[in-house]
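K.L.:
Sequence:
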Amino acid sequence: MSDISVSVEKPRGAEDGATARDFFELLKPRVMSLVVFTGGIGLFLAPGTLHPVLAFAAILCIAVAAGASGAINMWYDRDIDAVMARTVKRPIPSGRVEASDALAFGVFLAVASVIVMDLAVGHVAAFLLAFSIGFYVFIYTMWLKRRTPQNIVIGGAAGAFPPMIGWAAVTGDISLASVMLFAIIFMWTPPHFWALALFRCQDYTRAGVPMLPVTAGERETKKQIVLYTVLLWPITLAPVALGTLGGVYGAFALVSGALFVAQSIAVARADLPATDYKAAKRLFGFSILYLFALFAVMPVDRWLAVPVPTWMVF
83 MSDISVSVEK PRGAEDGATA RDFFELLKPR VMSLVVFTGG IGLFLAPGTL HPVLAFAAIL
143 CIAVAAGASG AINMWYDRDI DAVMARTVKR PIPSGRVEAS DALAFGVFLA VASVIVMDLA
203 VGHVAAFLLA FSIGFYVFIY TMWLKRRTPQ NIVIGGAAGA FPPMIGWAAV TGDISLASVM
263 LFAIIFMWTP PHFWALALFR CQDYTRAGVP MLPVTAGERE TKKQIVLYTV LLWPITLAPV
323 ALGTLGGVYG AFALVSGALF VAQSIAVARA DLPATDYKAA KRLFGFSILY LFALFAVMPV
383 DRWLAVPVPT WMVF
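When the letters of the sequence shown are read in order and numbered with the working numbering, they come out as residues 83 to 396.
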């Protein structure tokens with residue numbers, strides 16, 4: 083744990099106990115929505131069929147596991163959450179939920195989600211789910227986050243597993259196509275979070291979290307953002323090369339990837355402090371929309387079944 087010492091007073095009314103809404107906030111519902119969405123897309127794209135009830139169970143397990151990871155993360159990070167403006171109102175630092183209750187809640191949900199996944203769809207999906215929880219909690223939260231500026235590069239893998247889990251729920255295996263879906267989210271994560279870190283740099287400095295802008299400075303962070311968005315662009319086209327997706331997705335990936343790179347270059351050229359970090363804030367917002375849209379186009383591509391144009395064949 084961090085050496086930061088924080089004294090938190092419960093707000094009025096906290097003596098009545100935490101509410102269901104407080105515990106729901108522990109699950110990081112906004113993060114969960116992206117996890118559920120990408121997991122569902124992986125399940126949809128996988129070859130084969132899965133009974134609708136089992137498909138629902140698999141998606142529910144992915145959602146619960148993501149929430150469990152978030153709850154345990156909030157328990158462990160309660161000291162730094164209390165000194166960051168972005169997180170100070172979370173249930174634990176605000177005094178609405180006891181830290182021990184949050185931990186117990188998270189552990190129970192984590193174990194339950196893995197057991198149900200195993201019983202519902204099989205060992206491979208359950209293993210990937212358990213691994214993703216362990217990776218986020220032990221590798222990212224407890225080890226990397228407070229020790230290295232590469233925290234989000236390596237730790238971001240935890241959020242990239244849902245499409246693989248959804249895929250494995252249907253097929254019972256791990257294929258190159260599902261790994262490519264993982265790779266898209268994995269490469270998207272650093273520029274997404276570094277954009278946030280640029281305009282929240284003071285928060286991370288105050289909390290002692292070695293995010294890249296804190297340790298390497300703004301200029302190096304800008305370079306890395308551009309580098310990762312450029313590398314991400316061809317990776318998003320890998321599903322087309324593998325034959326998993328077709329022309330509609332390929333065209334969208336080309337255009338949206340170019341826009342993402344353009345946004346990152348705009349950040350690199352911007353004098354961020356002088357403009358109140360507007361370019362970084364735009365990139366952060368665009369990156370969320372970009373990933374949602376990219377995965378949303380995947381089922382549309384399947385429904386339309388437009389052949390890949392010859393000029394897009396690799």
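Please note that the accuracy of each hint is not assured.
[Stated by the list, open to error] Result set (BS3-like, lysine-lysine): computed pairs, CA atoms no more than 25 Å apart in a straight line:
(1) Lys171 to Lys227
(2) Lys305 to Lys363
(3) Lys227 to Lys363
(4) Lys110 to Lys305
(5) Lys110 to Lys171
(6) Lys227 to Lys305
(7) Lys171 to Lys305
(8) Lys363 to Lys110
(9) Lys360 to Lys305
Derived by calculation from the structure, the hints in this document are not laboratory data.
K.L.:
Compare the structure with each hint and give your call.
P.N.:
To see whether the hints hold, each was checked on the structure:
no. : hint             : in the structure
1   : Lys171 to Lys227 : holds (20 Å)
2   : Lys305 to Lys363 : holds (17 Å)
3   : Lys227 to Lys363 : holds (22 Å)
4   : Lys110 to Lys305 : violated (30 Å)
5   : Lys110 to Lys171 : holds (13 Å)
6   : Lys227 to Lys305 : holds (21 Å)
7   : Lys171 to Lys305 : violated (33 Å)
8   : Lys363 to Lys110 : holds (20 Å)
9   : Lys360 to Lys305 : holds (17 Å)
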